[in-house]
Amino acid sequence: MLGILIVLVVLTFLFSVLSDKFLTTSNLFRVLLNVSTIGIMALGEGLVIIVMGMDLSVGSTFALSGIVAGMGITQFSLGVPASIALGILCGVLIGALNGFLILKAGLSAFIATFGMLSVIRGVAYAVSGGYTIPVYTPAFTDLGLASLGPVPVPALIFFLIVLSFVVMLGSTTFGASLYATGSNERASFYSGIRTTRTKYIAYILCGALAAVAGILSTAKMGMASSTAGLGYELDVITAVILGGVSLKGGKGSAIGIMLGTLIMGVIRNGLLILGISAYYQTTIIGCIIIIVAMMDTLRSSGGFHLHRGRKAA
Amino acid sequence: MTPPFLELKGITKRFTGTLALDGVDLTVLPGEVLGIIGENGAGKSTLMNIISGVFPEYGGEISIDGEKVEIHSPLDSKRLGIVTIHQELSLFANLDIGRNICMGNEPRKNAFFLDKPVIYRTAMALCSRLGLDMDPHTLVKDLTVAQMQLVEIARALSYRARLIIMDEPSSSLSSHEVDMLGGVIESLRNDGVSVIFITHKLHEIERFTDRVCILRDGKKVELLSRADYGYERFIQGMVGKRLADFYMKAERSPSEVALEVKGLCTSFLSDISFHVRKGEVLGLAGPVGSGRTEIMEALFGIDHLTGGEMLLGGSRMDVSGPGMAVKCGMALVPEDRKSSGLVLDLAVRQNVVLSILSRISAFGFTRIYKRNSIVAGLIRTLAIKVSGPEQHTGSLSGGNQQKVVLSKWLATKPSVLFLDEPTRGIDVNAKQEIYAIINKLAGEGLAIVLSSSELEEVIKMSDRIMVLYEGRIKGELEAGNATEEGILAIAHA
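Protein chains in written order, with my numbering: chain A, 187 to 499; chain B, 751 to 1243.
Keep in mind that the hints were calculated from the coordinates and are not lab data.
The calculated DSS-like cross-link candidates involving lysine-lysine, where the alpha carbons are at most 25 Å apart (straight line), are:
1) B:K1088 / A:K434
2) A:K434 / B:K891
3) B:K828 / B:K794
4) B:K1088 / A:K437
Anything over 12 Å on all C-beta distances counts as not near chain A; from chain B, calculated:
5) S813
6) V895
7) Q897
8) G933
9) E936
10) K1028
Some chain A residues close to chain B (C-beta under 8 Å, calculated; not the full set):
11) A362
12) S369
13) R372
14) S374
15) Y376
16) G378
As the structure is a computational prediction, the values presented were derived from the model and not from experiment.
Where a beta carbon is used, it is the ideal one built from N, C-alpha and C, also for glycine.
Turn these sequences into a full structure, and let the hints steer you where they fit.
Quick look at the structure:
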């Protein structure tokens, strides 16, 4: 995790030197606002990846939950809290369905959620009829646009979720089961841990958080769109990897994922301020992923030996 | 007198702070099988690494055929005719047998092209010499472990090896395959090829070797020839203690029946019935694949039962999975602690509480204070050598890792403890500590089922022994009357 923090600090320093527009409070809070939704989704995705799974459908869940909440408010007059609850329920159900396909029907996580990505997106198109749904209710849009002091509400919600994840992953039975199952499922199973239930919960939380992000985004934009979140899964997974979550399972932290998300936000914002084309952002983020991964490998293998031959034991 | 092929004089190896080898003298005669035994840390691997050129710096002299040589790289060693076959085989899984055998040494038509017909002819000749009946075009990944081992030996022979070092060769072989390996070693011997045979399984020393060298703390303490072979002598050499004090089984008086199994059937097992009392150790004996592990996994809810029932403390139990098994008071120390017993990437304290997470939690939150006191207590009771409870489990020695597995299960306060190969891959000192723990637990009233492929261990540790063969019970006997031959006779009857 230290490596990730260093990268973030270095990047921040770099951009503040290259442009005096970067290190201002308003800009920094803008970065926070922009990354909040991806960050929330990344926390959920992180859970799934820690436990050796994958969820590629988060972008579609993002859209559908926003539409469900939006329609609840505008077309069915359910009131804001109920509509939000319904939207989150939508994410929970999608997560449970993913879990079912992967854990009971035995599909690979990649294929199951890849299919669901299209299924859910299609449902989003169908339900909204292809139209965007404007939502004007201030009680709702405040969630996306208001600020508590200088801190935008979505960023606040992001931080609250990060904090609860820190507690959940570090101090609860579920957290311990999650890491154990992700690191060695067989040994965890033999030890009496309910590995299937742990994974189910991870998928459900991932869906729920994708829904929360989708609803927040709808509030911020003032409209629910069936094309929202298209392609987000890549950004989300990037943030997770930058955050130090190992694709081999069993490793990762909420703070790490938060830092990973911030790194992406800083890069995009910094490059934007410097006027660098959006196309280069992708390349640069790719390079950062490789550097962070190398730093992690260096740390765990205790030094830079170019993996030449076997270690004499 | 045939001159020795390999002669080591005063071999010494120092690492910063440790003297790994202290003046070891050794000779290997052509066509002899020399065994090397010693606990982990005695210096076996270091010595082999020096002979095979992995450690270029060492003190002392090495001679081949009476002439002094310098071995400073694996290539030097290979050129002198020394080849090592490690426990983790080093074949190329996606290439075929022929290419593997000739790897690095390929017959060539000219500078650019390999001579494929010669490759496969050479491979076929070597394979049939070793009794490996396979098309040399078969990919190595499609072979069994035993067949892969033969390919490695064939490769060694293609290098015109004069000494083959085999490191724990039988660890992944069935007893039939071990027999075949014995035949291969015999034929190597007849061809004048020497073999250094490293093993933890002392019965293999008696079976395969002409002489055995016992290492302890970097010194050669004994060099025995067949006339002087004896289990007691081996243990004494390796540990420095008498065998009688090794197992230390005390007198026990078992009480009521803790576990009763009636007519247990799975896809592999047929009609298994037995009982274990509190304070009793029931040994399971039988060749590899006879069903010992299967019985334990079936009772623990890992395998599906097709018939029969089990009663714990008199009540019938339907165990649907390990979680339920733990709740019913059962514990299982599995055969392979690295894959099924421990989460190596976690800290010791996380592994110790793996099975009692719900018992030490309140409203889903782990009670750290309770966890830490349980962990500290178990580390103390089992004398686990750790720098602290937060130490990375993967960095512990085999014996200490096994103690962590045991402590995890003891934390669940079980009434029945299943032990599957509890001392596999553990050095002699740690083995003794584990025996002491098992004896203490039995003395405290735990019902224990002990499965092991080391018959000596089963006989010396159990009160009663059940003999299994191909998924069936072939017989039962009191441990006091049991002998290795007797058990094998029952198994094959």
